[in-house]
Amino acid sequence: MKKFDRRQIAARVARDIPEGAYVNLGIGLPTLVADHLPRDREIVLHSENGVLGIGPRPAKGMEDEDLINAGKEPVTLLKGGAFFHHADSFGMIRGRHLDYCVLGAFQVSVAGDLANWHTGAPDAIPAVGGAMDLAVGAKNVLVMMEHLTKDGKSKIVERCSYPLTAARCVNRIYTDLAVIDVKADGLHVVDMVEGLSFEELQRLSGVPLRRMATAA
Amino acid sequence: MIDKFIDTAQAALADVPDGATVMIGGFGNAGMPAELIDALVAHGARGLTVVNNNAGNADTGLAALIAAKCVRKIICSFPRQADSWHFDKAHRAGELELELVPQGTLAERIRAAGAGIGAFYTPTAFGTKLAAGKETRRIGERDYVLEYPIHADYALIKADRADRWGNLTYRMTARNFGPIMAAAAKCTVAQVRETVPLGALDPEVVVTPGIFVKRVVRIAPLGKAA
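Sequence lines, in order, name chains A and B.
Using the working numbering, the letters of the first sequence correspond one by one to residues 1 to 216.
Using the working numbering, the letters of the second sequence correspond one by one to residues 1 to 226.
For the record, the hints were derived by calculation from the structure and aren't laboratory data.
Straight-line distance between alpha carbons at most 30 Å, and here's what the computed DSSO-like set of lysine-lysine pairs gives: (1) A/K72 - B/K89; (2) B/K89 - B/K129; (3) B/K69 - A/K72.
Please read all numbers here as calculations on a predicted model, not as lab measurements.
Turn these sequences into a full structure, and let the hints guide you.
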């Protein structure tokens, strides 16, 4: 079996974003998705700090400190882009105007509950940012994460042990091992990396999985 | 004649009392009113409640205000950063209270204050730690959390251009919290890159109308002294 690396997971997510979609890419890992969006599709990227139509990273020396994304990295603006204030930006999110958001996660439950903002450690300083708004607001919530923790435990769980970001919000999970849909009747495996058997994926995941009807 | 221009940041903040609630605009460095924050540190008001998206970075701006022990409480969405050491230290020492609010709820609570809304229901944070103890309600098929506005005594914001009536335009993502904080505070102080004669701003592109702004200070960009 050959696990996907981060770029391959990002490329796999990008493949599923259709022409015309309005998309928010969360900070960290999901930002990589931007580099893999098919060039023949017009896809509009949103950032919480008040911009639609984000373009590629600026060339060195061309950064403008007034033009950044939610990760506070310098970006560029495409033709057709627009700026707006923070309340409008989150109105777009909560108001169900975004077609997709892509978020990282600590854990996702079989019901689609998401935990991605707080480890629950008593001395940790929590920071939530826009994660809770995106999780309840986007029409499709896609999660990108490693399938297993560093000590080999499944990050797809029966119930999240970390504090929730939102309940029953995740639509699809992309990991270094598989692509899994969260449906009312459970988890459906859409795709697996080469050389991984369904039985092995089931064993590693530790929660009940179903084969997609169309999957071999 | 209405003239909201004030010569210095110090003069614009001279009446901030101890215990005031102060909104500070900006997201990262974009839209952060650095010179106004410096003036607030120098002014020395204590026991402030600060509303900002973050809780300061490195040793300047809001971080310097915290380091100077001027802040009693912070209302924000994302305090933890690699370089938020002044916040981390004061918070862990029990000297600085934190009210953590989801970013969209923070923005909407600020907007609600400026718009005269008494409270609102949002789906964000329902069923999470951040909604613990809050009133909830099922409306249609969804569950919501009741949230209240955040009013402020002062808002310190950064805009791009202003006329003497206080009409403001912004520059790119530096707009962020500026327009909503301007409306939510009793006294909004804007630092701007450029001041222009009345009538020079196209009314179609004014983002914050002067009714929301009390004082305007021009801060010349570095290397371009007044």
